[in-house]
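A.B. asks: Following the hints, put chain B in place on chain A, whose structure we already have.
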Amino acid sequence: MGREVVLRIEDLHVVFNVLKAKLKVVDGVSLTAHSGERLGLVGESSCGKTTCGRCIVRLVQPTSGQILFASKRLGENIDVANPEGRKWYEAKREIQMIFQNPGASLNPVFTIGTQFMTALRYARPEAINDRGIRRRVVEALKEVQLPDPERILKSYPFQLSGGMNQRVSIAMALAVEPELLIADEPTTALDVTVQNQILELLYALVKRKRTSVLYITHNLGVIREIADTVYVMYAGTIVEHGNPREIFSNPLHPYTQGLMEAIPKLAAGGFSKGIPGSIPNYSEPPSGCRFHPRCSKQMQICVEERPSFVEVSEDHKVACFLL
Amino acid sequence: MTDKILRVDALKKHFKTKHGTVRAVDGVDFDIDSGETLGLVGESGSGKTTVGYTIIGLHVPTAGIVLFKGESIALPVAKRSKSIKRELQIVFQNPGSSLNPRRRIEEIIELPLRVHGRNDHRNNKQRVVELLRKVELSSDYASKAPTTLSGGEQARVTIARALATDPKFIILDEPTAALDVSIQAKIITMLIELQQELSLSYLFVSHDLSLMRNVADRVAIMYLGKICEVARTAEFFQNPLHPYSQMLLSSIPVVSDEDEKLRPKKIRVVGEIPSPVDLPSGCSFHPRCPKKMSICPQVDPTMVAVEAEHVVRCHLFED
Chain A
1 MGREVVLRIE DLHVVFNVLK AKLKVVDGVS LTAHSGERLG LVGESSCGKT TCGRCIVRLV
61 QPTSGQILFA SKRLGENIDV ANPEGRKWYE AKREIQMIFQ NPGASLNPVF TIGTQFMTAL
121 RYARPEAIND RGIRRRVVEA LKEVQLPDPE RILKSYPFQL SGGMNQRVSI AMALAVEPEL
181 LIADEPTTAL DVTVQNQILE LLYALVKRKR TSVLYITHNL GVIREIADTV YVMYAGTIVE
241 HGNPREIFSN PLHPYTQGLM EAIPKLAAGG FSKGIPGSIP NYSEPPSGCR FHPRCSKQMQ
301 ICVEERPSFV EVSEDHKVAC FLL
Chain B
1 MTDKILRVDA LKKHFKTKHG TVRAVDGVDF DIDSGETLGL VGESGSGKTT VGYTIIGLHV
61 PTAGIVLFKG ESIALPVAKR SKSIKRELQI VFQNPGSSLN PRRRIEEIIE LPLRVHGRND
121 HRNNKQRVVE LLRKVELSSD YASKAPTTLS GGEQARVTIA RALATDPKFI ILDEPTAALD
181 VSIQAKIITM LIELQQELSL SYLFVSHDLS LMRNVADRVA IMYLGKICEV ARTAEFFQNP
241 LHPYSQMLLS SIPVVSDEDE KLRPKKIRVV GEIPSPVDLP SGCSFHPRCP KKMSICPQVD
301 PTMVAVEAEH VVRCHLFED
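Chains as they are written, first to last, in my numbering: chain A, 1 to 323; chain B, 1 to 319.
Pair ranges (Cβ atoms, derived):
#1 Glu-136/B <-> Gly-270/A: 14 to 22 Å
#2 Ser-64/A <-> Pro-290/B: 47 to 55 Å
#3 Phe-16/A <-> Ala-145/B: 18 to 26 Å
#4 Ser-281/B <-> Asn-281/A: 52 to 60 Å
#5 Ser-199/B <-> Tyr-203/A: 46 to 54 Å
#6 Phe-158/A <-> Pro-274/B: 13 to 21 Å
#7 Ser-161/A <-> Ser-199/B: 38 to 46 Å
#8 Gln-298/A <-> Ala-145/B: 30 to 38 Å
#9 Lys-273/A <-> Asp-257/B: 20 to 28 Å
#10 Asp-140/B <-> Val-5/A: 45 to 53 Å
One side only, chain B facing chain A, incomplete, derived with CB under 8 Å:
#11 Ser-182
#12 Lys-186
#13 Glu-258
None of these hints come from the bench; they were simulated from the model. Bear in mind the structure is a predicted one, so any value in this text is a computation, not a measurement. Where is the CB? At the ideal position from N, CA and C, for every residue including glycine.
Isolated chain A (complex conformation) (with noise of 0.2 Å):
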């Protein structure tokens, strides 16, 4: 079977304005997804993850940058970035995003029925009646194994427990069988017991549907689990990626092996002080590798240019100017 690429972000920068000060969140990421492939998105908090997936679904516009995305709809890419009339109405379709606080991107005053349905109908407008929708609406629920559908329907989304919540927004992106599907910290909230449930499940529709995941978090392990290709973020650039396994049991890029050595493991033996330092401000971010005032490795030609990424193996890049 091909690689197809489904989506190529090229060199995105996203610069927020507020106030006085011009935000640079998210500076130069570029990435591919192949169809059938699950690509994790780590960085800890205000890396400027989230900002991606969300210019992906045009939640945020992009201040320069391309991302193409290969509409079947369509039967062309379109950029996403800048789409050309109404094709963005039809290509959407094909993209699902499952947000970070399923308590909060359910509207609370529709049934789980009503917005699950509403969704359905406009994502899928081929899928004819109301009777038809509706059986659609249980089989989904079905398959991310939550007891009682009717009952569900029929529920806000506050009388559901955090997780049951989660599983719902999991259905209803799949429900739709998107191409492409954005799951931003999906299960940041939930248990590891939970967590676990909900990644298998996750895993089973992908492989079944052949569905390209974005998957947005900040926890290493559930990236190792899930994900074919791992990107790793600092500060609104990319800084190392590659095969998951492969990067987290040999870091290169002196972030990913500070972030290695913070997490406390199984095997004991204790973990490192953690990274020295803080996240830069975004106005003004530091010039040349926006890692270097935290780096202990940093050499004069840091703070001037900007490293590209080298070829360490076939599965593993790195942007660093040590190698």
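C.D. replies: Coordinates of chain B only, in the frame set by chain A:
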């Protein structure tokens, strides 16, 4: 043999609500040696925070014994002696919301000193700077407002406040749950250093088993208001006995091949935590247990000592 700083025996805390009685803590026993860290681990709704709140005195226990240095503290906070209140402190779960946004850091840290009768403002000011230094913050922070601090700095301030009265025992209620790992690592390292320097005992309430592996001397696993297993940390991670402990441990996402070998084989998780209003009969874990037997729905198991310091509450280990 070290002395026990805290002993909890058959502790119960029930809450009456419209929908029935919530049995948040339903018979919990453990003890903590002085200088020790006990990790109290459980998922949300297991009652681990309620245990902490009952010990500190925010809740009065429904039944059971809580002994601090041999003295009963199963009373409302107002009836406790000042020395006990001084020696027993807590760091709350969400540092942001446990700091008064209308007070400066200095006032926040000084308050416990004043409550305990130290009204000399100039001395107190010095003490505040000293405490800030202990949590690795510069004295500039004294005049700042809590809302201007980052999450990690807020966590440090709550720790400084807990240290203000020279406590012997601190309840840490998920102090780093909301923080990034690189910041968590700093805070935890600091907490461990403070423990050695000031010979503190910790009750570390957490949902993060991999963190407990590196911090706790012993771990206690809690499920639906009961403790199902207590063991020395190394022993627990080598040989978890309770089916729930195994399920929890097998669900952790790990980052290295080495860790993957240490983790028990994936156990399929079924169902969700039942409501604590309507607890399952017998062993409350039986509806989700992969090793369920016919006795489990009928009889609640008792704690059995499998080894000297390894107890488990499961019918599989009863004779």
